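Colleague: Sequences are here, hints too, so could you generate the full structure?
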Amino acid sequence: MSQESDCTRGTIFVSSTTRGLRTYRELLTRIVEAHGFRAVVQEHFQSPDRQMLQMIETKIDSSQGVFCLVGHHFGHPSPFRDPGGQPVSYTQYEWLYAFRSRKPLVTLLTTGEVDDESRDPDSSGMGMFQEGFRRMVKELDSTGKSKSGWGEFASEADFLYWMARFRWDHWPERRYW
Numbered sequence: 005m006s007q008e009s010d011c012t013r014g015t016i017f018v019s020s021t022t023r024g025l026r027t028y029r030e031l032l033t034r035i036v037e038a039h040g041f042r043a044v045v046q047e048h049f050q051s052p053d054r055q056m057l058q059m060i061e062t063k064i065d066s067s068q069g070v071f072c073l074v075g076h077h078f079g080h081p082s083p084f085r086d087p088g089g090q091p092v093s094y095t096q097y098e099w100l101y102a103f104r105s106r107k108p109l110v111t112l113l114t115t116g117e118v119d120d121e122s123r124d125p126d127s128s129g130m131g132m133f134q135e136g137f138r139r140m141v142k143e144l145d146s147t148g149k150s151k152s153g154w155g156e157f158a159s160e161a162d163f164l165y166w167m168a169r170f171r172w173d174h175w176p177e178r179r180y181w
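Numbering (our numbering), first residue to last: 5 to 181.
Treat the hints as calculated values from the structure; they're not laboratory data.
Result set (DSS-like, lysine-lysine): computed pairs, CA atoms no more than 30 Å apart in a straight line:
hint	residue 1	residue 2
1	K63	K142
2	K63	K107
3	K107	K142
Ranges of calculated distance between the beta carbons of each label pair, as one might list FRET restraints:
hint	residue 1	residue 2	range
4	D173	G89	41 to 49 Å
5	P91	L31	24 to 32 Å
6	A168	G88	33 to 41 Å
7	A161	Q55	35 to 43 Å
8	P87	R171	28 to 36 Å
All values derive from a computational prediction rather than experimental measurement.
Here a beta-carbon is modelled for each residue, glycine too, at the ideal position from N, C-alpha and C.
Modeller: Take a look at the structure:
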């Protein structure tokens, strides 16, 4: 169902780091498409750094919402910096842009050792920024000021449980679980 004409419900932007979460991203993409949406993933439109940020914004703006898979690996640094001057990965930028744009946003955070990345220390030295980002996701959602929701998964069974509970008939108008 990857043809745009086959997807009648619109587009969902699927975000995740490449490292370690590929299996879950591919599974999520198939689930999204099975529910009548077209899945857009950053890997589908690679370009130079500055243009990449603009493309991400355009794709998110034209989507009905965003699903973000957040692991423990920082990912690839973007040219964007947060207000404190700290680095922001492309995956973090996607989440932040969707949040600021008030797009419907569903975030699934990995726990434990769901993927290879949790057993492989972040050699980039950026792991502390990713852990701070993970805390921020939980804190911002708890304010109730966003059209977002989050959950955690520790295994493929947990991931499938979240997807089975997801209220696709309510997307993107209101809470989904």
